[in-house]
Each structure stands twice: as structure tokens, then as C-alpha cells.
Amino acid sequence: MFKYLLKRLASGAITVWFIATATFWAMHSVPGDPLLNDKAVDPEIRKNLEESYGLDKPLWHQYGLFLGNMLQGDFGYSYTQRNRKVNDIIRDHFPVSALLGVIALLIAVSGGVVFGAITAVYKDRMPDHIIMVIVILTVSIPNFVFAALSQLGVLNLNEWLGNTFLPVAGWGSWQHIVLPAWVLGLGTLAYLTRLMRSSLLEEEGRGYTLTAHAKGLSRFRILYKHQLKNAILPVITVIGPTIAAITTGGFVVELVFSIPGLGRYYVQAVQQLDYTVIMGTTVFYGAFLVIMVVLVDIVYGFIDPRIRVGQ
Amino acid sequence: MTESLSVSETLSPELFEPMTIEMSVDKFEQPSITYWQATWQKLLRNPKAVSSLCIITCLVFITLVGPFIWTVDPAIQDLEQISQPPSWGRSALVVDDFGIWQGVPITEMEQGEEDGPLVLKVIGKGNTEYVRLTWRPIKGISEYHIYRNEFVPLDIATLGIPLAEIILIDGEAVGYEDRLKLSERDYYYSVVAIEQVMNREDSDTDMPIAVYSTIRVSVIQGVTKADALFLNLESEEVNGAQTVKLPLHPFGTDGLGRDILSRLMHGARTSLLIGILAPLIYIAMGVVYGGVSGYRGGRTDEVMMRFADFVIALPFLLFMILLKVAFGIGPGESGILPMIIALIMLGWPSVARIVRGQTFVIKEEAYIQAARLMGAKPFYLVYRHVLPNVLPLIIVSLTFAIPATIFTEAFLSFIGFGVVPPNPSWGSMCNDGLQHMLSTPHELIFPASVICIAVLCFNLLGDGLREAMDVKS
Amino acid sequence: MKNEIQDRPLLYQSMLEISDLYVDFSVLNGTIHALQGVSLTVEAGKTLAIVGESGCGKSVTAQAIMGLIPVVGGRITKGSIRFGGQTVYANDDTKLQKKEWAGKQIAMIFQDPMNGLNPTLTIGEQIAEPLVVHKGLSKSEGQKIAIELLDKVRIADAKLRIKQYPFEFSGGMLQRVMIAMSLASEPKLLIADEPTTALDTTVQNQILSLLAEIQREQSMALMIITHDLGVVAKMADQVAVMYGGRVVERGLSDRILASPGHPYMQGLKEAMPNLKKAEPLTAIAGTPPDLSKLYSSCSFAPRCRYGMKVCVERIPPLFSVRDQHTSACWLHHDAAPANPLVLDVPHD
Ligand SMILES: Nc1ncnc2c1ncn2[C@@H]1O[C@H](COP(=O)(O)OP(=O)(O)OP(=O)(O)O)[C@@H](O)[C@H]1O
Ligand SMILES: [Mg+2]
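Chains as they are written, first to last, in the numbering used here: chain U, 5 to 315; chain H, 44 to 516; chain F, 14 to 361.
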């Protein structure tokens, strides 16, 4: 178990390092000097930049500086926002994204498990058919379309009710979270429902399910006591990629719903070519996602007795 | 046994003679069919998969042939028809060219009561080029405010911000010409007569009593003579008015007046090109990589698979964005190439894993061992034996990779990192359409539905294929 | 033990009676008629062996008794199953079986112990589960009994073992665990579906003697499904021979083994020169019947060396060969020739 943990951590660290390096080289292979862009860079910002990145030094030196700064968690200054540190941007806006993402993830996982279980129990009967049609439609609709449609729907609902039932944009109260979190989680929910269904149906054919039936256990007990844990294991392995999907999905949702999350700032930074913010945020996101995947792997190890006990 | 007794009475002795050869042979023979024929037959029995296949075929066909039939340029802006909903041909009234309209001279107006209500009149027919209003001024009041609303104003407080404030100079004509972004719908024009407050003694207590009046104007499509001539529009006489047929936009136009049908077809080229090309390339790469890794085995395999695991762990979108920045492609430039490159660079490992696993299994089988001993080349073995075995898996992953890639393209184009104007793609069309979602939803609905339909069909087809080929996911 | 006295008369009549059972499975290209009129009986306290080649419907029969047919995706289309005074008919829902029989009065162990246990629950939890669920025992009481049961099936260190997971056990041990689990609810009938097929020979013998011993001790009925005539000779009081979804021969096992009445069983016996040595069934020439068709004739006829015209026209009923021995073959009909002509087999 310990060895497994160590191995996962080491490979995670390598991935983060690679992302940082790739980010650095990507930024430095931009044609032309990014600082000599036609956009006039504020002299104050320029001074800050030159200091912290050693722009007059050779490239490998800059790379060393960059890695050093990253290790200390210092991502430097923004390019377009005067005197704003990238760290500040992340600190101010990431919690917003994280809150939204966590709620979306909770919706997706709990919904996926519940609906997956329902479809598996009612296989080839009405509830299964209905849910699966909705699921296949849902996984075929891009989340920005969802975002727009749900906004439209709620706007009409608000109009019909004559008061603001739910706000369709902005941030600040729990009502603001409901719609975007739902939109953000929905695609993943559908995906997890499908996964959970096929995973449970696979358990249905396993010997131990038959044994459990032969013990005269109720369908419900077989489901929650025997099959669920086995069926959830493959679902847990995709939680890592799921977090990545929700994180990047957040870019769009934050954009559409005007939520001041990090994703929106990231997209803006890329559109405005704010190189330092791009670098900092990319590395931050990369590290975040890798850590999440490693965490999920470790959790998986704790849940699966075969790994926990150490086969 | 009671059973046997009852039967024995009816059985004749010749039944107990030995049977003949023909009798013993099972009468029906299963026709032998190949795996692919069986797969195809199973697929045909799945109505969802079959209809999906038909729709996909249609889509591809339209994509390839459509632009030759519907030859409208997707980038041309039809300024007469901006954000128009779908229609089968619309006509427009030919109206005067742009010029200054003075209004109707007071002398020419009919006599009315001096202090009566404001009577509004529309001169000519209200059209999208202009709406001309006139009214008989109230005596002693020379300031009038003009308002335009899209709904019936309830009272004077709901009129909003005036379009214009007009001060009449004695003896001149009265009128107002509205040329401000008119579209084809009903408007409510209101004219408010503003009494000069200072004329009154009791100005502190009484607010000025404003007299106003509202008229509904149904604005129809208009086109100026010059434009009609310039655009070479075919004109005809309807009810005494001269009209022209406007260019046809069966799916309507977007916010810049571009033809949505044409953009959908050209967008399909981009979206399907990326959606099909990228998966094809990375699946080929994955097959080669996985084949080599599985065939060599041992240390090589370990290193190669480590690398594949490493690539799988990379966050795809971040790399996409990095590549885009590295290519020096600013906002507003097309990012198709970096998109395809990123998809390929990050897509291959999952295929490689599958192929490697299969290669491992197949490598151990006796006939391969024999072939190896006889000196068959590894490449030949992979091509001849491994590939046919993994082909079902590959086909299924391709059918799922295509919609995933179409999604990614749409997503990237939507946040402005992918295909950008004037090149259409389904994703970028959604992005454009989002801005007018409330007023003209068709601009969003068409591209969004096309994405949904295409992705849905590929998904259903993939499901069908997986079932028919009996491939575990 | 009060029950035993009341049940006394049952000892001399069948406790389980299956009559004319038909089971269908819908598959991708049609229907498989897995059982085509199975009739058999199990007597209280006795051992019945079911033999027959692979795919003849032995496991499906067992599943039907346990009410598992809907679980494995099939349908009982005709017939009835009677157990302990209660009868389940075709098209009934199987709630009764689940409520009254499965895991309480009838227990079953499966062919493959490796997959028969839940990998994510401890052995102790799984053994005690029927007690906890059906008898309302507390968890710790359940664990205590689980330890006793593991001792009974001779697993050492039972105290430690109950906290372990299935992957920490060997195949033979898992089968012991399965047996312990099935004994937890003190069933009147234990169905063992090829309990030793997945195990190696020495372990096989240990498991079989364990089963025989437990059966004697608890005086329960045992229905053992096997490929192995050696096992039949060693363990069974009665035997039922299945072919193509039907029981073609049944009766006292020593009588049937000594002189089989059905050509199929004769073939099986001839293919196995030494009955005392445990050996699996060897194949008989020809192909097994195609169960996608519902036979209206003897399904063995194409492979039978005594094939007669009647065999391809009518289904043979069970004829009495002698006392406690019946056989579904037209040769036992009064009109059949005493010395039938021997044909070349297989005919195709
Ligand atoms: N769940 C199922 N779905 C479809 N067909 C089934 C199913 N279970 C059994 N069958 C079919 O029913 C027939 C009898 O199967 P069964 O498992 O009872 O055979 P068996 O006598 O137990 O064979 P073996 O000795 O190999 O265990 C087979 O032809 C099999 O294909
Ligand atoms: Mg079986």
C-alpha cells in the first residue's frame, strides 16, 4: 500500500513538472518577443516582469528561475492587470470555481449512482427506457447549449412567475449556484449513469450475485450490500477524468453565467494573451488535476480490499 | 407405467423398425456466414443503429455535395435580412432612396380642433428602411418627444427614453423619420407634447400636463431602389406597390445577415473534418504503438506503456490551449491545425493500450508462435493476425471518438479557441448564436441541434456496433 | 428437532418434486429451450445425482428449484415444482421460492467458488448473512456461528479467517467456505452444482467426503450435479440422467450404473471403463442436441445406435424398466423388438 502510494505520488510529480516545462517552452516559442507585442506593456509591469523572469538572461537561466518560482508557489505578475499578482488572481477566483465544481461533482456522482442503480434494477422496463433515452440525449448535447437553454428556460419561468425564482447570471448567493452547478454536473451525471448501469449489469452476471439470490436475499439488499460496492469501483476510477471534465466544463459555464471563477479569467487571459497569467494558471490547473487524480487513486486503494490488503 | 400402456395401444409395429439414414439427419442446416456478415446482420436488426447510420450517411453526403447545390457564400452578409428566422422566400417593398425627409408642411394638414388630442399619422408604409410620422401640432406647444416601444405603453411613465426631441419652428413642416435599426415587427410610436413649464404660474404644485398619443405601426421589409438595383433583385408589382424578392434563406440568417444553411454545411466540413480526421490518425498511431509495444514485450513494453500512461494523465484542454498560444495564433485566427495536433498527440494512448493487450494475448497463441519460427516479420504478424482481432474494438472506439472530438471542437470554438469567424464551424456558430439567443433563438438552435443530432447518431451507432460485435467497453 | 418427527412420513416420499418443467431463454437470435419437460424427485435425507453432458440443462434445473430463472434471464413456461407442501407453477412469480425456500430450506453451492463469493465482503460477513437476514441474529452472534461453521468444514484458524477476503483463500478453501455458508441456515436440501469441477483431484475428494459426511450428520437431502459417474457411484442413492433438457433415465443409482436402460447412459458407461476410479464423462460420438428447437421426438435419436422409426416421430415417455428404475426409451415399449438392430453411429 505504501509503495503504491509513493509510486502514484512520484508519477504525479513528474506529470506536473512536465506540464510546467511544456508551458514554459510553449510561451517561449511564441513568435516574437511577447513583451514587444503591439500592445504597449505598462512600464511598471514590464519592470516587474523583467525582474522576476530574468528576461535579459539566457533561456535555460530563465527556465531555472521559472521552475524555482513555481516551486515556491510564486507565479509572478499579470501582464494586463497592473500590479496584480497571478497568485492573487488564483486566490481570489479559484475558490469560486472550486465551490461550483464540488457541487457539480456531488450532483453528478450521487445522481449517476442513483439513476444507474434504478436503470439496472429496472433493466428493459419503463424506468430504464425513460432514463436511458434522457441519458443518451444528454450526453449528446454540449454543455454550452445546456447552459443557454437552461438560462432561457429559467428566464421564461421567472417571467411567468412574475418574480426572480432563480437568477440566471452572476454570483453571490446560493441561488446563483443552483443553475450553473446543475448545468455543469448534468453531462457527467449522464455519463456516470451509463457507466453505473453497465457496471451494475456486469455484477448481475457475476457468480456472487447468484449466490446472494440463492441465499434468499431481497433484491434491494443484494443491490446495496453486494453489488453497489463492486459496481462503484470502476466508477471511482473515472472520477479523476471526471474532475478534469468538470474543471474545463467550468470554463464555459462561468463564461455563460458570468461567474467570477478562475476558468473565466483563464479564458480571458488566453484571449488577451496575458502570458504570465496563462503560464501560472496552466501550471496551477495542471497540478490541481494531477493531484486530484492521485487522490482518487489513493481513495480507490483504500476502498478496494484487494489493493488495501496488498495482494 | 400408465403412460406407456395408453400409448402402446395406438402404436403400430412398423414404427419399431430401424430408422433410415435420411430420417436421422437434422433437417436444417445453419448457413455458414463470416463474422462480418453476422455483425452486419445483427446491426441491421437494431433500428436505432440503422437510422443513425442513415442520418450519418446523409450528413456526410450533404457536407460533401451540399455546398455545390446550395451555393450561397457562407461569409456574405445580407444586410437586408439580419437575424431573420427561417422562411421560404421573402419579398420587400421597394422604397425611396436615402434622403432627408422634411415632414408634412402644416399648411397641407387637415384642419382639426385646436386643442384636441394629438392625432398621429404614418406617411407611406412603415418599412425597415424608415417609418415616417406626422401629427398636427397643438397650438402653443412647440416641443414634442418621440418614443418607440415594442409593446403597448401603459402610460406616459412607461415610454422610456425618447427617440428624438423635436422643436417646431413656426411655419415649418411637422414630421419625424425613424431610421434606427428597424426590424420587421410591430412598433408603438408615441408622441408627447411638452408644455413649457415656465409658462405656468403654479409650476411647483402641478406637473406639466403632458398630452401624448400612441400609434401602432406594422413595419414590413423594405429595400431602397438603389439597393434593389445593386443586388440585382427581381421586382414585381403587388397590389400597386413595387416589391422585390429577397435572397432566399431557408434556415434564416445570423446576426450578421449570413445564410445559416450555407454556414451549417460549411461548418459541417470543419467539424466533421476535425471529428473524423483526428481520431483516424490517432487510432492509426495507437495501433502501431500498441502493436510494437505488445510485440516486443519486456523492457521496451514497460517503458512504452509508462509513457502512454503519462500522456493519458495530461490534461487535454490545457495542452490544446498551450499549443494554440505556442503556434502564435491570436484570438480571431483559426486554430484548426493546433486542434488536430493536440487531439492526435493526446488521443493515441488509449488505443495503444487496447492493441497492446490484444497483441500480448495473440502473440502467445500457437499458430503465431509457429509463424514466428518460420520467420514471419513482426509487422506482418501484427498486420495479418493482431489487426483483424482488434478491428472490432477499434471500430467501436472510432465511433465513440468521433462524437467526442466533435464535442471538443465545438467546445473550443465556443470559448473562442478553435475555429473562428468568418470560417464557420458548428461550435462557433453556437457561440455567435448565443448572443441573440433571446430575440432570435434559431441562430443558436440550428447549429446546436446539428451538433446534438450528429453526436447522438454516432453514439447510437457506436452502441449498436458494440452490441453487434460483442465488444466489451 | 420437533420438525423431524412430523416430517417422518416425508422420508418415504419425495420432498421435492419437479414435473414437466419447461424453461426458455431468449437470446439474440431466437429462443433456447433449455428444459423440455424435466420431471424428477428428491427424497428426504437421500442423495440424488444428476448426470449428463455439458449443456443438457443440469444447472438450469437447479436454478429453477432455487427460483433463479428470472435472475439468469429465463422464463419457466410450463410445469411445476413442489417442495414441502407448497407448489410453484409456471408463470408464477418466484417470490414464494425466494421467501420460503431459497437460503432457508434449500441451499445451493455453485460450480465456481472463485466467483461465487463477493470480493468486497469478508468471509465472515458472507457466511453469517443468511442468519443475520433470515433469523435476525446480531452481527457478533453471526460471527460466532460463522466460526463454528468454518471449523465444521475444517478450515484452520477460523477466528482469523472470518475477517479475510475471498482473494486470500485458495479454490478448495473457498468451496469449503461456500459449503459452510450454505449450512448456516440448516437447509433440508442442499443442491451442489458441480462442486468440484473447478478444483484439482485431491481437493475434489476431500470436498466430496466432506459433503457426504455433512449430509449424513445433518440428515439433509443432497442433490449433486456432476459429470462424473465415479461420484455417482460413491455418493448417490438415486440418479437422474439428463439429455437435451429432459430426464431420460432415473432410479436407484446402483441399478442404473449396473445396467443402464437408455442407450445414452449405456454409452456413458461404456466410455468409462473403470467406474470406481473417478473420471469425467467422455464424449459420445455425434453432436449434442440443438436446444433452439423444441423436440417432438427423442433428441438422442440422431446419435442412437438402436434408432427406430418411432424415435423420430414421438417423444418417448418414461417406461418402467424394473422396480425403481425408469427410462425414456422406446426400446422398453412392449412392441419394441427384443434384439434391436445396431446402426452405425453417428448417422451424420
Ligand atoms: N442464462 C442463460 N441464457 C441463455 N442460455 C442459457 C442460460 N443458461 C443456460 N442456458 C442454456 O441452457 C442450456 C443448458 O445449460 P446448463 O447450464 O443447464 O447446462 P449444464 O448441464 O449445467 O452444463 P455444464 O455441465 O456445462 O454446466 C445450454 O444450452 C445453455 O446454453
Ligand atoms: Mg452447469
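There's no promise every hint is true.
[Claimed, not checked] What follows is a list of derived Cβ distance ranges for each label pair:
{"hint": "1", "chain 1": "F", "residue 1": "222", "chain 2": "H", "residue 2": "327", "range": "57 to 67 Å"}
{"hint": "2", "chain 1": "F", "residue 1": "272", "chain 2": "H", "residue 2": "56", "range": "43 to 53 Å"}
{"hint": "3", "chain 1": "H", "residue 1": "340", "chain 2": "U", "residue 2": "32", "range": "47 to 57 Å"}
{"hint": "4", "chain 1": "F", "residue 1": "299", "chain 2": "H", "residue 2": "56", "range": "20 to 30 Å"}
[Unchecked claim] Computed footprint of chain H on chain F; a stretch qualifies when at least three of its residues, placed anywhere within it, have a C-beta under 8 Å from a C-beta of chain H:
{"hint": "5", "stretch": "320-331"}
{"hint": "6", "stretch": "341-349"}
[As the list claims (entries may be wrong)] Derived lysine-lysine pairs resembling DSS-like cross-links, with alpha carbons at most 25 Å apart:
{"hint": "7", "chain 1": "U", "residue 1": "229", "chain 2": "F", "residue 2": "152"}
{"hint": "8", "chain 1": "F", "residue 1": "176", "chain 2": "F", "residue 2": "157"}
{"hint": "9", "chain 1": "F", "residue 1": "282", "chain 2": "U", "residue 2": "229"}
{"hint": "10", "chain 1": "F", "residue 1": "176", "chain 2": "U", "residue 2": "127"}
{"hint": "11", "chain 1": "F", "residue 1": "112", "chain 2": "U", "residue 2": "229"}
{"hint": "12", "chain 1": "F", "residue 1": "117", "chain 2": "U", "residue 2": "7"}
{"hint": "13", "chain 1": "F", "residue 1": "172", "chain 2": "H", "residue 2": "85"}
{"hint": "14", "chain 1": "F", "residue 1": "306", "chain 2": "U", "residue 2": "233"}
{"hint": "15", "chain 1": "U", "residue 1": "127", "chain 2": "F", "residue 2": "108"}
{"hint": "16", "chain 1": "U", "residue 1": "233", "chain 2": "F", "residue 2": "282"}
{"hint": "17", "chain 1": "F", "residue 1": "117", "chain 2": "U", "residue 2": "229"}
Bear in mind the hints are in silico, worked out from the structure with no lab data behind them.
Here a beta-carbon is modelled for each residue, glycine too, at the ideal position from N, C-alpha and C.
Here is how each hint holds up against the structure:
1. For the pair residue 222/F and residue 327/H, the beta carbons lie near 59 Å from each other, so the given range of 57 to 67 Å is met.
2. Between residue 272/F and residue 56/H the CB atoms are about 26 Å apart, so this pair departs from the stated range of 43 to 53 Å.
3. A C-beta distance of roughly 39 Å is found between residue 340/H and residue 32/U, which places it outside the suggested range of 47 to 57 Å.
4. Our hint of 20 to 30 Å for residue 299/F and residue 56/H holds, since their Cβ atoms are close to 27 Å apart.
5. For the stretch 320-331 of chain F, the proposed coverage by chain H is satisfied: 10 residues have a C-beta within less than 8 Å of a C-beta in that chain, meeting the threshold of three.
6. For the stretch 341-349 of chain F, the proposed coverage by chain H is satisfied: 6 residues have a C-beta within less than 8 Å of a C-beta in that chain, meeting the threshold of three.
7. Simply put, residue 229/U and residue 152/F have alpha-carbon atoms about 14 Å apart, close enough for the 25 Å limit, and the pair holds.
8. A distance of roughly 12 Å separates the Cα atoms of residue 176/F and residue 157/F; the hinted pair therefore holds under the 25 Å criterion.
9. Pair hint residue 282/F plus residue 229/U does not hold up; C-alpha atoms about 46 Å apart against a cutoff of 25 Å.
10. For the given pair, residue 176/F sits about 34 Å from residue 127/U by alpha-carbon distance, which is inconsistent with the 25 Å threshold.
11. With a C-alpha separation of about 18 Å, the suggested pair residue 112/F and residue 229/U falls inside the 25 Å cut-off, and the hint holds.
12. Taking the CA atoms of residue 117/F and residue 7/U, the gap is about 45 Å. The hint is violated against a cut of 25 Å.
13. Distance check on the hinted pair: residue 172/F and residue 85/H sit about 53 Å apart at the alpha-carbon level, beyond 25 Å; violated.
14. Annotation: proposed proximity of residue 306/F to residue 233/U is violated, straight-line Cα distance about 40 Å (limit 25 Å).
15. Between residue 127/U and residue 108/F, the direct Cα distance comes to roughly 19 Å. Compliance with the 25 Å bound is thereby established for this hinted pair.
16. The straight-line distance between the Cα atoms of residue 233/U and residue 282/F is roughly 47 Å, outside the 25 Å bound, and the hint therefore fails.
17. Annotation: proposed proximity of residue 117/F to residue 229/U holds, straight-line Cα distance about 19 Å (limit 25 Å).
Hints 2, 3, 9, 10, 12, 13, 14 and 16 from the earlier list are contradicted by this structure; the remaining hints agree with it.
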